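Peer 1: Start from chain P and add chain E according to the hints.
In order, the protein sequence lines correspond to chains P and E.
Just so we're aligned: 89 in UniProt numbering is position 89 of the first sequence, and the numbers increase by one with no gaps anywhere.
Just so we're aligned: 28 in UniProt numbering is position 28 of the second sequence, and the numbers increase by one with no gaps anywhere.
Hints in this document: simulated from the structure, not taken from any laboratory.
In this text, all values refer to a predicted model and were calculated from it rather than measured experimentally.
For each residue, glycine too, the CB sits at the ideal point set by N, CA and C.
You can take every hint at face value.
Far from chain P by the CB rule (all over 10 Å, computed), these chain E residues:
(1) ARG26
(2) GLY105
(3) ALA307
What the simulated footprint calls covered on chain P by chain E, stretch by stretch (three residues with Cβ under 8 Å from a Cβ of chain E suffice, anywhere in the stretch; the number is not a length):
(4) 106 to 117
(5) 138 to 149
(6) 167 to 173
(7) 262 to 271
Taking lysine to any residue and the SDA-like style, the derived pairs with C-alpha atoms no more than 20 Å apart in a straight line are:
(8) P:LYS168 with E:ARG173
(9) P:LYS317 with P:TRP77
(10) E:LYS309 with E:PRO14
(11) P:LYS309 with P:THR98
(12) P:LYS318 with P:THR208
(13) E:LYS317 with E:LEU93
(14) P:LYS309 with P:VAL322
(15) E:LYS168 with P:GLY147
(16) P:LYS168 with E:ALA169
(17) E:LYS318 with E:ARG74
(18) P:LYS168 with E:GLY147
(19) P:LYS317 with P:PRO69
(20) P:LYS317 with P:PHE59
(21) P:LYS168 with E:ARG165
(22) E:LYS168 with P:VAL172
(23) E:LYS317 with E:HIS87
(24) P:LYS317 with P:HIS87
(25) E:LYS168 with P:ARG165
(26) E:LYS168 with P:ARG145
(27) E:LYS309 with E:ALA12
(28) E:LYS168 with E:LEU194
(29) P:LYS168 with E:GLY148
(30) E:LYS309 with E:THR15
(31) P:LYS168 with P:GLY148
(32) E:LYS168 with P:ALA169
(33) P:LYS168 with E:ARG145
(34) E:LYS318 with E:SER96
(35) E:LYS168 with P:GLY171
(36) P:LYS168 with E:GLY171
(37) P:LYS317 with P:ARG212
(38) E:LYS317 with E:ARG104
(39) P:LYS168 with E:LYS168
(40) P:LYS318 with P:LEU93
Protein chains: 2
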Amino acid sequence: MSEPTDSEPTGAEPTVLVLDAEPPPRLGRLTGRARILHADEDTLAELLPLADVLLVWDFSSHAVRRAWPGEGPRPRWVHTASAGADHLLCPELVDSDTVVTNARGVFDQPIAEYVAALVLAFAKQLPRSLELQRDRAWRHRETQRVGGTRACVVGSGPIGQAVARTLKALGVRVAVVGRTARAGVHGTDELDRLLTRADWVVSVAPLTEETRGMFDARRFGVMQPSARFINVGRGQLVVEADLVDAVRRRWIAGAALDVFEQEPLPADSPLWDLEDVLLSPHMSGDVVGWRDELGAQFVELYELWAAGKPLTNVIDKKRGYVPGH
Amino acid sequence: MSEPTDSEPTGAEPTVLVLDAEPPPRLGRLTGRARILHADEDTLAELLPLADVLLVWDFSSHAVRRAWPGEGPRPRWVHTASAGADHLLCPELVDSDTVVTNARGVFDQPIAEYVAALVLAFAKQLPRSLELQRDRAWRHRETQRVGGTRACVVGSGPIGQAVARTLKALGVRVAVVGRTARAGVHGTDELDRLLTRADWVVSVAPLTEETRGMFDARRFGVMQPSARFINVGRGQLVVEADLVDAVRRRWIAGAALDVFEQEPLPADSPLWDLEDVLLSPHMSGDVVGWRDELGAQFVELYELWAAGKPLTNVIDKKRGYVPGH
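Okay, chain P solo, but in the shape it has when bound (with noise of 0.2 Å):
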């Protein structure tokens, strides 16, 4: 019986490539069961050729859509620990064998309070009111009824769903929109007729070629001079120096951001100190524990990978996200 040497691989386990920022967590349950390899962005190239599987843990780096293309075998399956895959659907591995699956149920009660967290905090005026504490100030005002307010969310996957359902729960009457009508969802040939009664209108949309840019100078008139506008989807969802005209012609009364044409949002965007709007870093989904979460989530679909059962959460490349029932 001969001793393996480190440049041997012991066994048959399938190798995992990990491009990762920070190390994910719950990996160690694969032990002995994968080759679990490290890329960063500038290794991600060369490495990417020697992995089964590709788990994208790192989901701000576009270092996918740029490695790919080249040369040399690449995974049979990449996972992305994020609902949205816009960051490395390349042509390229749109159209290979590869199955991409996402991080599919992990965010959508998170994301669901987060907006509800924006909708109340906007009705209820509290930015005024912690502004009013700062200068010990007793000011009495009215603020909004949610219950009986509309909302229009854009956006019909699990985490839309869930913000409708949350909505609902407080009395607030909400559309659903998605691609293509269906029970429950109206069809984006139906988006400037329900924004145009809206006072809430929800971006969780996924980013694909037909949603780019789709909140516009165009969608922000049709909106209320009463409405707000919130976006946790992808910041590229919204022309945001269209957003930024909007507000201040007061065309609409607000919005709350999560998400940015670009991440971090730069010092010098015009949106930090624009009146009634609230930003925040993209992490509306991101609660104590999402890391174990999406860490426990990966491990199992990789016992059904390497049992050869189907896998879940599998996107539908062209369209850029898992199809809805």
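Peer 2: Quick look at chain E alone, frame taken from chain P:
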């Protein structure tokens, strides 16, 4: 047929005396059916003997407590445009035959939404996001999942029940505490045990001799270091100095206060700039249209009263609130 002079009543309409700071809306509906007199804090004692009905529109005033024990006949019915009646229930009124009604129902859903706004703002760190936004700082943080947390709602009237329903709709596990245990309501003997396991302690109890100062050093001491205390009931339910100490010592993680021992909150109160404490000026239930709702509610009650029918929203004057079901 002689013309009536100004000093003679023109008919048998009852006299409604309104104690107001600003005039109530909707009373025009009573034209021809009631004589409307107006009083302020200074003239109330003098006008009180002329009134069949007293409408306490200025719910921040304690003038009724002072004027009621005086000389002369007293109104047979007192209505307060507020949920609490603590500001008018002097012993002489409690012991009299006068019926007291309140604004039961008008504030339930608005206050429940307000509490949900505060819970979500704490969980999602909105105040911190606003601070970072002012500094143009991009700082990702992990926030708290609200679903699955525990709330202890102290107060089992319609406002407490509405708060419980709304928090449950967000996935919070809610225990309601009332004066006496009944279906779905824990008795005050269980309060301490429930406080030790609550993430959110919501104070919506009526102010009575039993509840005054109920949130004191002992009660804050059994709450958890992660707990947030929310008071939308009455300021005097809380020993404010004890709350300040509890927050400073990190016995609890924060507080949101809409009501105070003294209102307006004095400019030198240590609460104004206490970290992790959110203040608002007694406005949790005051949504746009609330004055109209309160005016319309009084008119409806007046119609019952004038027709000799039993009034709704009748307060148990000894207990200080409308008894539960």
